[in-house]
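S.K.: Numbered continuously in my numbering, the sequence shown closes out at residue 169.
In case anyone wonders, no lab produced these hints; they're calculated from the structure. There could be a bad hint or two in this list.
Here are the simulated lysine to any residue pairs, SDA-like style, with alpha carbons at most 25 Å apart [said to hold, decoys possible]:
{"no.": "1", "residue 1": "Lys-83", "residue 2": "Lys-22"}
{"no.": "2", "residue 1": "Lys-82", "residue 2": "Ser-38"}
{"no.": "3", "residue 1": "Lys-82", "residue 2": "Val-69"}
{"no.": "4", "residue 1": "Lys-22", "residue 2": "Leu-9"}
{"no.": "5", "residue 1": "Lys-103", "residue 2": "Val-160"}
{"no.": "6", "residue 1": "Lys-82", "residue 2": "Met-1"}
{"no.": "7", "residue 1": "Lys-22", "residue 2": "Val-59"}
{"no.": "8", "residue 1": "Lys-103", "residue 2": "Met-1"}
{"no.": "9", "residue 1": "Lys-82", "residue 2": "Lys-22"}
Please read all numbers here as calculations on a predicted model, not as lab measurements.
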Amino acid sequence: MHWTRVWTLFGVILGVVALFMKGATTDGEELLPALAESGAAFPDGIPTIWGGLDTWVQVVVVIAIFAVVALAIMPPIDTPEKKPFALTTTVIGVALLVYAIVKFVEARDDASTLQDGFAEAAAAGAIPAAFTVSAGWGFYLLIAGTAMVAIGGLAMLMGVGSEDDAAEA
1 MHWTRVWTLF GVILGVVALF MKGATTDGEE LLPALAESGA AFPDGIPTIW GGLDTWVQVV
61 VVIAIFAVVA LAIMPPIDTP EKKPFALTTT VIGVALLVYA IVKFVEARDD ASTLQDGFAE
121 AAAAGAIPAA FTVSAGWGFY LLIAGTAMVA IGGLAMLMGV GSEDDAAEA
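Given only the sequences and the hints, what does the whole structure look like? Please build it.
M.R.: This is the structure we're talking about:
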């Protein structure tokens, strides 16, 4: 299999693994169900990145993943993808990368809001401490995976590692 296709598939795998990681990290996660039941404006837990996506977005992401994988394994696999397929892979990779960055920014904002909520609950004596909250590191893996898909598609689009490149050298 051509290295650009392997690179792209590795990006897909990395991105899929990242989707099932927590959207935020905090030491106060175990207190969230009790805080949510008490009527406070807290979530009952921290969802995975996948769980934080709207249903229609989940459908689009699944279709995009299947499209990239299908294009990557389409014969002949020992050469880069043909230009139209490489362009499709690049566009999908860039679109997913932009969306991953947007969701990361939203997760940072949500983490800040949750951290403020923890501070208020701690000041009121409802919890023992004001816990810090940050966006989950799965977002970094998601961004890396989607960037790998975009870069793999771009490398194929540019013909990097193609027979024409080898003949010119």
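S.K.: For every hint, state whether the structure bears it out.
M.R.: Hint-by-hint comparison with the structure:
no. : hint               : result
1   : Lys-83 to Lys-22   : 36 Å, violated
2   : Lys-82 to Ser-38   : 58 Å, violated
3   : Lys-82 to Val-69   : 14 Å, holds
4   : Lys-22 to Leu-9    : 23 Å, holds
5   : Lys-103 to Val-160 : 31 Å, violated
6   : Lys-82 to Met-1    : 14 Å, holds
7   : Lys-22 to Val-59   : 20 Å, holds
8   : Lys-103 to Met-1   : 33 Å, violated
9   : Lys-82 to Lys-22   : 37 Å, violated
Of the numbered hints listed earlier, those contradicted by the structure are 1, 2, 5, 8 and 9.
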